[in-house]
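Here the sequence shown is numbered in this note's numbering, starting from 1 and rising by one per residue.
No wet-lab data here; the hints were simulated from the structure.
Backbone N, C-alpha and C define an ideal beta-carbon position, used for all residues, glycine too.
There's no promise every hint is true.
To be verified - Each pair of labels, with its calculated beta carbon distance range:
1) I94 - V475: 40 to 46 Å
2) E503 - L192: 23 to 29 Å
3) K156 - D390: 35 to 41 Å
4) F4 - N158: 24 to 30 Å
What the hints assert, rightly or not - With a Cα cut of at most 25 Å, we get these calculated BS3-like pairs of lysine-lysine:
5) K110 - K429
6) K2 - K186
7) K166 - K156
8) K298 - K429
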Amino acid sequence: MKYFDRNTWLWIVLSALFFLPFLGGVHLFDWDEINFAELAREMVVTGDFLRMHINYEVFTEKPPLFFWMQALSMKAVGVGEYAARLPNAILGIILLPFLYISGKFLVDRKFGWFWALSWMGSMLPFLYFKSGIIDPWFNFFTFNGIFFLIHYIWKKKNYRELYFSKSARAYLWIAGISAGLAILAKGPVAFLVIFLCLLVYWFIERFHWYIPFTIVVYFSLIALGVPFIWFGVDMIFNGPEFVLEFTLRQWELLTTNDAGHGGFPGYHFVVLLLGCFPASIFAIRGLGSFSGIPHHIKDFQRWMIIMLVVVLVLFSIVGTKIIHYSSLAYYPLTFLSALALYHIYEQRGNYRTWMGAGVLLIGGIIAFLSWALPYAGQHPEIIMPLLEKDPFARENMEAKVNWDHSTYIPLVIILITLIAFFSTVSRQKFLGFSVLFFGMTLWVFSALIFFIGRVERISQRAAVEFFQGQQGKEVYVTTFNYKSYVPWFYARVQPYENPRAAEQQWLLNGETDRPVYISCKVTAREKLEAQIQDAEFLYAKNGFLFYRRN
Numbered sequence: 001m002k003y004f005d006r007n008t009w010l011w012i013v014l015s016a017l018f019f020l021p022f023l024g025g026v027h028l029f030d031w032d033e034i035n036f037a038e039l040a041r042e043m044v045v046t047g048d049f050l051r052m053h054i055n056y057e058v059f060t061e062k063p064p065l066f067f068w069m070q071a072l073s074m075k076a077v078g079v080g081e082y083a084a085r086l087p088n089a090i091l092g093i094i095l096l097p098f099l100y101i102s103g104k105f106l107v108d109r110k111f112g113w114f115w116a117l118s119w120m121g122s123m124l125p126f127l128y129f130k131s132g133i134i135d136p137w138f139n140f141f142t143f144n145g146i147f148f149l150i151h152y153i154w155k156k157k158n159y160r161e162l163y164f165s166k167s168a169r170a171y172l173w174i175a176g177i178s179a180g181l182a183i184l185a186k187g188p189v190a191f192l193v194i195f196l197c198l199l200v201y202w203f204i205e206r207f208h209w210y211i212p213f214t215i216v217v218y219f220s221l222i223a224l225g226v227p228f229i230w231f232g233v234d235m236i237f238n239g240p241e242f243v244l245e246f247t248l249r250q251w252e253l254l255t256t257n258d259a260g261h262g263g264f265p266g267y268h269f270v271v272l273l274l275g276c277f278p279a280s281i282f283a284i285r286g287l288g289s290f291s292g293i294p295h296h297i298k299d300f301q302r303w304m305i306i307m308l309v310v311v312l313v314l315f316s317i318v319g320t321k322i323i324h325y326s327s328l329a330y331y332p333l334t335f336l337s338a339l340a341l342y343h344i345y346e347q348r349g350n351y352r353t354w355m356g357a358g359v360l361l362i363g364g365i366i367a368f369l370s371w372a373l374p375y376a377g378q379h380p381e382i383i384m385p386l387l388e389k390d391p392f393a394r395e396n397m398e399a400k401v402n403w404d405h406s407t408y409i410p411l412v413i414i415l416i417t418l419i420a421f422f423s424t425v426s427r428q429k430f431l432g433f434s435v436l437f438f439g440m441t442l443w444v445f446s447a448l449i450f451f452i453g454r455v456e457r458i459s460q461r462a463a464v465e466f467f468q469g470q471q472g473k474e475v476y477v478t479t480f481n482y483k484s485y486v487p488w489f490y491a492r493v494q495p496y497e498n499p500r501a502a503e504q505q506w507l508l509n510g511e512t513d514r515p516v517y518i519s520c521k522v523t524a525r526e527k528l529e530a531q532i533q534d535a536e537f538l539y540a541k542n543g544f545l546f547y548r549r550n
C-alpha cells in the first residue's frame, strides 16, 4: 500500500494552514494551559529536565513527556503562547494524514478521506490542536496502543484482505511503546483504558482467548517498561517521592472532584454530542449494523464501540468531570462517523431524516450562539441583571471589548454552511458532506479569531497584564483567595534566592525582602484588607483588585 498519495499531502497542507497560524494570538488560559506552560518554562530556566517544578517546588501530579515537548518548543521559538501550543499543532499535522492513511488501510482512499474529514470538521477535535494541554498527545498514543494491538491480532489471524507491511511482533512492539508513551504523557489511565477494552472484547467473545495471555503479559511489560525507564532514573536520583505522590494524586482524581470540576453523570455524553458536531450525528448511525461490509471492518467497528463505551463509562464514574477527559472518544467517534458517511456515499444506506434534523438542531444552536455572543457583547445591559448575585462576573463584563460587526462573521459562515449542506446533500452526498465539515472547520477557525480573544479579555486579561508588568523586576507575585498560575508564567518568575519565597503566607503576612504584588477577586476585598493590613491598594480592573506590600 502506498502511504503517501496526493490526498495525504493535501491533508498535511490543510493541517498546517489551519493549526499553525495564530497559536500565540490569545493568552494561555488558566488553569491547565498556563500550568503546563509554566512547568515547561521552569524546565528551561532551571535546566532540570528530570523533575518538574511549579513555582520552583517539585510537582508530582503529571509525568514529564508533554512538558519536554513544550520545553523544546520554547527553546526553539522562545517562551510564550506559541511555543506552549506548538506541540499539539504539530500533532494535528501528523494526525489528519495518519487517519487518512489508516482509513485507506482499512477500506480505501474514500474512507480515509471521510475519517480525516470527520475529525477536522468537528468542533472540539479541531480546537484541541490549537491548545496547550496534554490530552491530544496522550490520546494519540493511547489510541495507537489499541490500534496496533488490533493489527497484531489480525496479522496472527492471517486476514488476507488487508496488507500488513510489518510482522506481528513489530505491531506488538509499536502498540506497547505507544501505550508506554501515553503513560509517560499523563499516567496509568492509558493502560487502564486499553486493559478494559481488551477485557470487554474478551467478554463479548464469550471468554475465548482471541489473544494469548502470554502476549498480554508481553505487551504489558513493553508498555510499562517505557515509563519505568524515566521513573527508575528519577527514583535513583530523587528517591520514591514522585512515584508515591503521583499515585496518590491519580487516586484522588478518580474518586473525587479534586480538580475543582464536578458534573452530572451524563456530562461526557452531552460534551461529545455537542462538542463533536457534526461527526457525533453520523456516529450515531455508525453504532448500528451495516450489510455488505468486510469482516475486519465489522470487527474494528466493534473495537471502536467498545472503546467509546469504556471512555464514556469510565470518565462518567470518576469524580472529576472536565471537558477534555473524554477526548479519547474522538477517535472511535470520528471512525463511526466515517463509517456512516462512507456507507451512505456508496449508496448502501440512505441519508435519514433524523440525521438532517440533528444537523439542523445542533447547527441551529451554534448559529444562535454565534449571533447571541456578539450581540450580548454589544448590549451588556441585557445580561447584567442575570449577574446580580455574582459581583466578579459583573465586573468582568465591564472590560472594554470591541464587539464590532466583524464578530458576526462566524454567524455568516455557519448559516452559509447549513444552507449549502441542505441544498446539496440529497443530490451530491460527497459534496454535501464535504461542505458541512469544511464549513464547520472554517466556523471553528473564525470563532477562535473573533470570539476567544474577546472572551479572554473579559475573563482574565486584567490579571495577565498586571503580572506581565512585573517581568524583570525584583519582586514577588501571588494571588489571594483564588488559585491561579498566571502570576508565575506571565511575570516570568526566576528561581528564588530566598527559600521562603514559595510560601504564600510569608508573602502575604511575613517580613519580605522584596515588594509583593498581589491580585484578588472583587469578592475577597474585605477579607484581604482585614488579613493583610499593610497591603497598598493599586487599582481595580474587570473584577480583579491589585495590591502591593512593600
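Hint by hint, which ones does the structure fall short of?
Those not satisfied are hints 2, 3 and 6.
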